[in-house]
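Visitor: Sequence:
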Amino acid sequence: MTAVDEVLKYIATNEIKWIDFQFFGIDGQLHRVSMSRSEFEESHFAKGVAVANLLKVFDKEQTDLLLLPDPDTVGRVPWETSTIRLICDVVTAVSNERFLKDPRYAVERVETSRSALGVKSAKVGT
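All the letters of the sequence shown, read from the start, carry residue numbers 65 to 190 under my numbering.
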């Protein structure tokens, strides 16, 4: 069973009513957008979720951004028992490529470079 299948099964068997799509802004702050279970589709894992307020968080001139949920990050929101959260990557709508200003992507690029250079550890952030 794939990670996506596991998330869909979890939603179906645990009375989940809301899905929180969480993402980090360019300032490192955690943001979230919620969607009802009835609106949520399996295709969101591949095609992404269009969110209008991404323009406020990222580059105002970049109008074609989507949130791409990472099924490996699913977790139940403890204080909202009918809600799960998925941490998302920010991608461009046209090419579905990672958005360079997405902090998650920036950290992944640093980790890839660190590993390629043979450095055992590195501190990222403040």
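A few of these clues could be false.
Pair ranges (Cβ atoms, derived) [unchecked claim]:
1) Ser185 with Ala157: 29 to 39 Å
2) Met65 with Glu105: 35 to 45 Å
3) Ala114 with Ala170: 37 to 47 Å
4) Thr66 with Arg96: 34 to 44 Å
5) Glu105 with Ser159: 26 to 36 Å
DSSO-like mimics (lysine-lysine), calculated; alpha carbons at most 30 Å apart, straight line [to be verified]:
6) Lys73 with Lys111
7) Lys111 with Lys81
8) Lys187 with Lys165
Hint data in this document are derived by calculation from the structure and do not stem from the laboratory.
These figures come from a predicted structure and were not determined experimentally.
Every residue, glycine too, gets a C-beta built ideally from N, C-alpha and C.
Visitor: Find the hints from earlier in the document that the structure breaks and name them by number, from lowest to highest.
Guide: 2, 3, 4 and 5
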